[in-house]
Amino acid sequence: MAPTPTDIPAFASTQLKLLDAELKAELAETAALTSNASPKSLQRAGLAILNLSVTSQRTGLGGKTVIELELDSAVGGAEAGLPEHGIRTGDIVGVQEAVSGAAKKGEKSEKKEKGVNGVVTKVGAAGVSVALDKEDAEVPSGRVWIVKLANDVTYKRMNDTMRSLQQLPESSHTILMRVLFGQASPTPPNPETLRELESLPWIDPSLNDSQKEAVKFALAAPDVALIHGPPGTGKTHTLIELILQLLKQNQRLLVCGPSNISVDNIVERLASHKVPMVRVGHPARLLPSVVQHSLDVLTRTSDAAELVKDIRNEMDAKQASIRKTRNGRERRQIYTDLKELRKEYRERERNCTDALVGGSKVVLATLHGAGGWHVKATAQGGKPAFDVVIVDEASQALEAACWVPVIATGVRKLVLAGDHLQLPPTIKSRNSKTAKESKSSKKAEKNGDAKEHAKEGSGAGVKVTLEVTMFDRLLDLHGDRIKRMLTTQYRMHEKIMRFPSEELYEGKLVAAEAVKARLLKDLPYEVEDSEDTREPLVFWDTQGGEFLEKTEDDEIGEGKKKGSLMLGESKSNELEAALVKVHVRNLVQAGVHPEDIAVVTPYNAQLAILSQMLKEAFPGLELGSVDGFQGREKEAVVLSLVRSNAEHEVGFLGEQRRLNVAMTRPKRHLCVIGDSESVGRYVTSNR
1 MAPTPTDIPA FASTQLKLLD AELKAELAET AALTSNASPK SLQRAGLAIL NLSVTSQRTG
61 LGGKTVIELE LDSAVGGAEA GLPEHGIRTG DIVGVQEAVS GAAKKGEKSE KKEKGVNGVV
121 TKVGAAGVSV ALDKEDAEVP SGRVWIVKLA NDVTYKRMND TMRSLQQLPE SSHTILMRVL
181 FGQASPTPPN PETLRELESL PWIDPSLNDS QKEAVKFALA APDVALIHGP PGTGKTHTLI
241 ELILQLLKQN QRLLVCGPSN ISVDNIVERL ASHKVPMVRV GHPARLLPSV VQHSLDVLTR
301 TSDAAELVKD IRNEMDAKQA SIRKTRNGRE RRQIYTDLKE LRKEYRERER NCTDALVGGS
361 KVVLATLHGA GGWHVKATAQ GGKPAFDVVI VDEASQALEA ACWVPVIATG VRKLVLAGDH
421 LQLPPTIKSR NSKTAKESKS SKKAEKNGDA KEHAKEGSGA GVKVTLEVTM FDRLLDLHGD
481 RIKRMLTTQY RMHEKIMRFP SEELYEGKLV AAEAVKARLL KDLPYEVEDS EDTREPLVFW
541 DTQGGEFLEK TEDDEIGEGK KKGSLMLGES KSNELEAALV KVHVRNLVQA GVHPEDIAVV
601 TPYNAQLAIL SQMLKEAFPG LELGSVDGFQ GREKEAVVLS LVRSNAEHEV GFLGEQRRLN
661 VAMTRPKRHL CVIGDSESVG RYVTSNR
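Using full-length UniProt numbering, you'd call the opening residue of the sequence shown number 1 and step up by one each time.
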């Protein structure tokens with residue numbers, strides 16, 4: 001059956017409304033947290049770092065002032081290292097003077113207004129670097145703290161892209177765009193191309209048959225291809241082969257991902273192949289293999305860098321002198337001089353970066369970064385700036401973000417890689433329930449069945465919500481003819497793999513020989529052969545016991561709620577947490593290293609309890625939410641399901657994709673702790 005076409009301007013208009021609602025939800029949450037919670041509460045929630053001081057100022061990419069922050073010497077300095085926090089490269093943060101606990105509200109507001117905002121460019125064990133938004137911003141002196149703010153920059157890029165899509169005349173709609181909206185069927189591969197690919201020389205001959213088939217399919221597809229990579233099936237490994245094969249065909253590539261980490265992972269893998277590439281933006285992990293390819297470093301070290309070197313040195317000297325002068329008039333004059341220098345610097349730097357990006361065969365950026373001036377290029381003689389755009393982790397990206405590189409470059413071929421059966425991007429506005437919700441909507445929300453709730457029969461059969469990704473929508477439009485699935489997994493023991501394979505992947509997953517029977521007792525260090533270390537799959541059933549869940553709001557008095565906003569209506573189960581501790585202790589006593597074990601749970605309130613119980617007792621043990629652990633793996637994983645109630649409600653666990661992520665993190669051992677009656681009823685009713 002031919003796909004039902006989607007109206008492009010209407011789609012863009014809907015996306016703009018959804019993005020506006022999402023930004024408002026994020027801004028409201030941030031405003032509530034920063035206005036109601038104390039700095040110490042924000043630090044406990046991972047949203048702030050206290051007791052910092054500015055150790056240096058310098059000129060960064062784009063002429064921005066970059067400040068380096070470390071722990072103040074009075075509290076241990078750089079040697080002490082930063083406390084645990086959730087601030088990452090690319091986050092928008094406010095840098096403000098420290099406030100005392102006794103400070104009045106007016107004083108706190110005044111210090112907030114005097115603070116400066118910026119983007120985190122580097123996060124290390126000892127400090128954080130922040131590129132300030134305003135050129136003439138005066139950096140707060142003395143002890144400071146930083147707090148995470150809502151990131152409206154990414155929304156601006158997505159909004160700009162959707163407005164461009166909305167206003168694009170029909171005559172400018174490319175074949176790719178028409179395929180992506182179901183207005184045309186995917187172009188069949190050229191038969192001659194298919195014949196040539198049958199004898200393709202592989203750069204990595206160790207690829208399995210499903211990986212080879214996916215690469216050949218993506219090479220042959222004239223406009224769009226989807227690579228479906230279930231957990232542990234070597235999706236990134238496959239993408240590296242595809243990139244190298246496309247380079248052999250003299251194609252110019254833009255490779256993107258929704259996060260810095262997803263992009264840096266590909267940079268690291270490509271580095272060993274000596275690929276000429278430029279990483280636009282600030283890499284999240286500044287390993288040597290990544291740093292040397294980043295635009296920030298190349299503008300300092302390449303031949304073209306001589307254009308900006310002298311003026312950068314002059315600006316750095318001016319920046320350093322600001323901290324030495326106490327005279328207000330002298331400081332103002334330095335800022336005026338810096339303003340003039342920045343103008344000249346930007347012009348020279350633009351020429352330098354244009355030469356670097358324009359001369360590279362592979363450019364790598366986050367999806368949002370692909371909309372920056374570094375990547376945007378006018379089509380010359382009708383030819384797009386890039387031949388192919390590849391998006392990794394496409395199932396975790398908002399659809400509007402995936403359109404940024406497509407619209408910015410005018411590309412004619414798109415390859416998406418991901419797994420639509422793992423968690424989609426987190427949508428905050430979906431949790432803002434209204435009193436007018438229908439009974440059926442409430443039931444769908446309660447069961448966590450986001451996808452069923454989304455299917456309300458618009459153009460292609462899926463209502464457009466932010467939770468529906470481009471990957472989802474294209475599968476709904478064109479089906480399996482545009483997709484190839486990777487089927488051999490290299491992570492899990494066969495028994496751990498069986499449930500997700502049968503429930504979600506049509507029984508198609510096969511465990512590689514090297515992993516199918518490996519156990520904790522076979523770790524490359526001494527581990528006792530016990531009933532736990534020889535079992536890959538363990539279930540501790542709490543049914544019938546006194547293991548009832550608690551709702552966090554039941555435990556928080558009205559006066560305490562403001563400081564506990566991160567927990568909200570989260571669930572916890574203390575007795576179940578005690579069982580988690582027992583099992584972790586059993587594994588550690590058998591010889592398993594704590595750093596090879598992870599404890600995961602779907603609820604923040606449970607995570608807080610587990611952290612109190614386990615953190616000090618087992619140094620090196622990793623704890624995390626199911627959502628936060630997506631893309632990760634450990635030798636052993638202990639999963640606390642939490643839910644146990646008379647109504648047998650399962651909440652988050654009703655979302656099969658969340659359960660899939662939770663159960664596919666371990667390599668050798670999975671221990672699930674929960675109420676089999678609640679979970680079992682849901683699984684049975686959804687088969």
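Any given hint could be a false lead.
[As the list claims (entries may be wrong)] Listed below are the simulated DSS-like cross-link pairs for lysine-lysine, each with C-alpha atoms no more than 25 Å apart in a straight line:
#1 483 / 508
#2 24 / 156
#3 122 / 318
#4 483 / 114
I should point out that these hints are in silico values taken from the structure, not numbers from a laboratory.
Predicted model, so just to flag it, every value in this text is computed and none were measured.
Hints versus structure:
1. 483 / 508: It holds: about 15 Å lies between the C-alpha atoms, which stays within 25 Å.
2. 24 / 156: 13 Å, holds
3. 122 / 318: With a Cα-Cα distance of about 23 Å, the restraint between residue 122 and residue 318 holds, given a limit of 25 Å.
4. 483 / 114: Not satisfied, since the Cα-Cα distance of roughly 53 Å exceeds 25 Å.
Checked against the numbered hints given earlier, this structure breaks only hint 4.
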